[in-house]
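Asker: The primary structure of each chain is shown beneath.
Protein chains: 2
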Amino acid sequence: MNGERTPPAAELVREVLRPGGGGRIVLLVLDGLGGLPAAGREQTELEAARTPHLDALAAAGICGLHEPVAPGITPGSGPAHLALFGYDPAVYRVGRGVLSALGLGFELEPGDVAARGNLCTLDGEGRIADRRAGRPPTQKAAELCALLRGIELGPGIELFVEPEKEHRVLVVLRGEGLSGAVSDTDPQRTGVPPLSPAAASTDPAAARTAELVRRLTEQAHRLLAPHAPANGLLLRGFSQRPRWPSLEERFGLRGLGIAAYPMYRGVARLLGMQVASYEGSVRAAFGLLAQRWQEFDFFFVHVKETDAAGEDGDFERKVAVIEEVDAALPQLLALRPEVLVVTGDHSTPAALRSHSWHPVPVVLSAASCRPDPVRTFGERACLAGALGPRLAATSLLPLALAHAGRLDKFGA
Amino acid sequence: MNGERTPPAAELVREVLRPGGGGRIVLLVLDGLGGLPAAGREQTELEAARTPHLDALAAAGICGLHEPVAPGITPGSGPAHLALFGYDPAVYRVGRGVLSALGLGFELEPGDVAARGNLCTLDGEGRIADRRAGRPPTQKAAELCALLRGIELGPGIELFVEPEKEHRVLVVLRGEGLSGAVSDTDPQRTGVPPLSPAAASTDPAAARTAELVRRLTEQAHRLLAPHAPANGLLLRGFSQRPRWPSLEERFGLRGLGIAAYPMYRGVARLLGMQVASYEGSVRAAFGLLAQRWQEFDFFFVHVKETDAAGEDGDFERKVAVIEEVDAALPQLLALRPEVLVVTGDHSTPAALRSHSWHPVPVVLSAASCRPDPVRTFGERACLAGALGPRLAATSLLPLALAHAGRLDKFGA
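These protein sequence lines map, in sequence, to chains A and B.
Per the numbering used here, the very first residue in the first sequence carries number 1; after that it's consecutive.
Per the numbering used here, the very first residue in the second sequence carries number 1; after that it's consecutive.
Among the clues, some could well be false.
[As the list claims (entries may be wrong)] Mimicking DSS-like on lysine-lysine, the simulated pairs with C-alpha atoms at most 27 angstroms apart in a straight line are: (1) B:Lys409 - A:Lys304; (2) B:Lys165 - B:Lys304; (3) A:Lys165 - B:Lys409; (4) A:Lys165 - A:Lys140; (5) A:Lys409 - A:Lys304.
Derived by calculation from the structure, the hints in this document are not laboratory data.
Hey, can you work out the whole structure from these sequences and the hints?
Answerer: Spelled out as structure tokens, the structure:
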């Protein structure tokens, strides 16, 4: 079994990238697109939605369902997007601290160490009584973050403490010679004291960072003491911004990520894409796309509301968002991208009110598509499509590159 | 990222097991379920069978065909079952000797060395004339096994010799400091003498065991000399019971294996499951299941007769067994398992009278299934199902875990 395995398509691509480039690719992601029938219904959200333009794309293009990570695995938003960009999320791991920073739009500099923090409740003996400090209002947490920012860690070390939501906070250390190889102080259970941070590598930077985290925790507990139930701080997922090959290095694509939420712009930035923000409906995103059409090869457009409606268990709203995107689609089609891929990063069925492991419908439209029998864009219809019922999500970008005329022959 | 490849779903699962557990999973295996149309027929055994309950499961659940090992690979029973339990049979290898012990229900202790033996015919020059000694009746082989048990290998070494069927026997050495790293004495061809056993590792235990096997063979040939054509013994597949992570360690499942044949209980025991035996029809197995319903998370129920009928080339009998299982199914459904998977471990088409490489129909039924178009349970119908036409068999357990609510999100 030693080591020899077929490289995935995304790795082979690098060997055959056509130097001259090729056509433009648009990846339109309706977050959490895949669904399930709600109680008493026959159709999923996408099947129930009236989507004449997506159906026309399905009829002209090739359809299927993709599997973001692996069968049965429910992906978080970060891993699911990495897969769509051709980065295997089981290999390209993002630390919890870095994900928190991305979600807040905090711009991590190279060398910064980020951690996800929990405000917590410590009892009289210093043991954790509640890992979430009774879920304080975010406003209260923001005040405590401001207090914690006053901690002095020594010359050359900057400290950032940002509120996320309720008990969740982001902690970032900035300075020379830091390392993410530090063990969690959060034992992820109650009845025990917080753990001592320890170096998780022999790199001296790890020992130094662990000592800074020890000091940080000590001072945090002193400052928070009068603020029970939020009288403690637990840290986990120490990590640095990963140094990965960029989308341009791997796939020869200059990319623009257009997203309303910071998390998705953050993931795009991790891969070296430029990013742009929009507010309001997807028409605003398509407007931005048109404005910057000449500058890029690859456009990632992110629509959050499908996922938000799914998480809220709101079947009808998810249907409405899909219909709104469909109605706006001609604006995008007018740009005549050589390749248009419309899909989700994962499923978020309103029936489950959460992300799920179900495969995600996808349509790829390009002049070079071989016709398949799919005529409508929906989960069941896509089962019969040319992309198959469980395409690895990481295969989508290589397919898009091929249809954009960006790949040469493999082997003479 | 060099060399880092996507871990299979079964490995990712360990990272996302929900601490609180989840629903119960039943895996009903109709051994050798997959088939082919017999001469002059249009339908496979499963397609020809009247299976209203399996069809109803197919209509409510998701269907497909699974591939036990890899395209074109015909699996033995051990590897095929390992795959269904989420253990990649190309990675988790069971030695031939251990498989023989499992098949006989011989309880191997840790450290025991097992080998598969053949009674054979040696000519006047000690060369192998017939590797199967003219296929002696099993009763005759049993008498010779009793004779061989008299061999003395020295202090602290116990010897077990058990008849399997015809020329096939199981040989087990028990004692301190033994090793399975010993080369075969069976050259697997005629016209040459048996091979000398040699240590296959530098471990002193291997040299010691090889010497014991040399002595064993020498004495066996002396004792068997008057019993031509069964006047020799060939040994292969020296192996010890593997130490693998249990089903509970890998997937958090306390499992019960219910099987009439020792081989299948043996494989279940290798993975740390408890086992129970039944006699007669599948109704007895379902009765056991009901009795022990509260004790376990995962139930593996094995039905052998589909495979036996296939091996006998008896199309009609295989159809009848499938119909008998279908008729008993309401007894199982009454327990309301959160997830029910019905499949085979491999195909055994009556037309071929043997195991085959053809993908195996599978239905997974759970409340969280997304509807697919399959309405009947059969090879052709399953091609259109949500699980696809060639799902890796090792993906089935991860999917079952997901549908049982036993998995958390991967990545935030």
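Asker: Does Lys304 of chain A sit within 27 angstroms of Lys409 of chain A, going by the straight-line distance between their CA atoms?
Answerer: Roughly 37 angstroms separates the two Cα atoms, so the pair is violated.
Asker: Could you grab the alpha-carbon distance between Lys409 of chain B and Lys304 of chain A and see if it respects the 27 angstroms cut-off?
Answerer: Judged against 27 angstroms, a Cα distance of about 18 angstroms means the pair holds.
Asker: Is the Cα-Cα distance between Lys165 of chain A and Lys409 of chain B 27 angstroms or less?
Answerer: Holds. Lys165 of chain A to Lys409 of chain B sits at ~19 angstroms (cutoff 27 angstroms).
Asker: Has the given pair, Lys165 of chain B with Lys304 of chain B, been kept, meaning a C-alpha gap of at most 27 angstroms?
Answerer: holds, 18 angstroms
Asker: Given the hinted pair Lys165 of chain A and Lys140 of chain A, is their Cα-Cα distance within 27 angstroms?
Answerer: holds, 10 angstroms
Going through the hint list in order, the structure does not satisfy hint 5, though it satisfies all others.
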